[in-house]
Amino acid sequence: MSMKISTRQVDGVTILDLGGRITLGEGSVQLRDSVRDLLAKGQKKILLNLGEVNYIDSSGIGELVSAYTTVRNQGGELKLLNLTRKVHDLLQITKLYTVFDVKDDEASAIASYAHA
Amino acid sequence: MTGQPEKRVTYTLDSSLDSVNKVEQTAEQMARKAGVDEDEIFRISMAVREAAVNAVLHGNAYDPEKRMTASFENTGASLVIRITDEGKGLDPATLPDPLAPENLLRGSGRGIFLIRSFMDEVHFRQLHPGTELTLIKHLGTAPTGA
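Protein sequences, first through last, are from chains A and B.
The opening residue of the first sequence carries number 1 in the working numbering; numbering runs sequentially from there.
The opening residue of the second sequence carries number 1 in the working numbering; numbering runs sequentially from there.
Source of the hints: derived by calculation from the structure; they are not laboratory data.
Any given hint might turn out to be false.
[As the list claims (entries may be wrong)] Here are a few chain A residues that face chain B, going by a calculated C-beta distance under 7 Å: (1) Val29; (2) Arg32; (3) Gly62.
[As the list claims (entries may be wrong)] Covered stretches of chain B, as calculated for chain A (at least 3 residues, CB under 8 Å): (4) 46-59; (5) 97-110; (6) 134-140.
[Claimed, not checked] Here are a few chain A residues that sit away from chain B, every Cβ distance over 10 Å (derived from the structure): (7) Asp37; (8) Gly42; (9) Asp105; (10) Glu106.
Glycine included, each C-beta is placed from N, C-alpha and C at the ideal position.
Throw the hints in and build the complete structure from the sequences for me.
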């Protein structure tokens, strides 16, 4: 089953609402393309809402990391919102939980982005 | 729980993501039938998926001429899953540690680590050509990993 992805803007932050599975060949490619598209449009404050992501494999984790570093290297910020328990646990055991800025509330997540 | 022992079932599959999905689903069904809890079903099926991805992507490089085999066995005491590919072989000792600070932000390289985190035993065997990865979950033991 493919990943669902929708985009919205709140206070200068682009929120990608993701749902389903982020895995090799499915959601991982969609995620990569979506982040690249946003950066190409100059949208560098990106919040990935993972509240409906019920499964992520190591490829999906790799895409989250790649998205994070790509956005950061372009002077932007990418944060994670609403991790499910499974995704939270995977990021913990891969020692990535402290790499990402993880939020559990959208309003505070949006407020946390640096404002020019 | 131990479940009833079941004969080994083996599939020979092409090197595609459809095959990976099939192997993952079979592992999930096997784990569910063995009576393990939902969290353990998730860990087992994820570990098996990672092994299948390694076989298809890294071992066989999606070569349509190369096959992956996946066998599933419930011995009564353990679930034993074996995944083979026809690639050039893999020496697990050469794999970088994905938890090392210099590797933490790499975009790949976590599959074997997750397999080892989620299964009780993981064995590599070189087939010349190819690699066989054996994943074992002992039934009736405490949960591993996350």
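* Counting residues of the stretch 134-140 of chain B with a beta carbon closer than 8 Å to any beta carbon of chain A, are there 3 or more? -> With 0 residues closer than 8 Å to chain A, the stretch 134-140 of chain B misses the three-residue bar; violated.
* **Outside-interface status for Gly42/A - nearest CB in chain B farther than 10 Å** => Check passes; 23 Å lies beyond 10 Å.
* Decide, holds or violated, for the assertion that all CB atoms of chain B are farther than 10 Å from the CB of Glu106/A. => holds, 25 Å
* Quick check: the stretch 97-110 of chain B, covered by chain A? Criterion 3+ residues, Cβ under 8 Å. -> holds (count 9)
* Does Asp37/A sit more than 10 Å from chain B, CB to CB? -> holds, 18 Å
* Regarding the hint that Val29/A lies at the interface with chain B, is the smallest CB-CB distance below 7 Å? -> violated, 11 Å
* **No chain B beta carbon within 10 Å of Asp105/A's** => holds, 23 Å
* With a cut-off of 7 Å, does the beta carbon of Gly62/A approach a beta carbon of chain B closely enough for the hint to hold? -> holds, 4 Å
* Are three or more residues of the stretch 46-59 of chain B within 8 Å, CB to CB, of chain A? -> holds (count 5)
* Go through the hint on Arg32/A and say holds or violated, using the shortest Cβ distance to chain B against 7 Å. => At 10 Å from the nearest chain B Cβ, Arg32/A fails the 7 Å test, so the hint is violated.
The structure does not agree with the numbered hints 1, 2, 6 stated previously, though it agrees with the rest.
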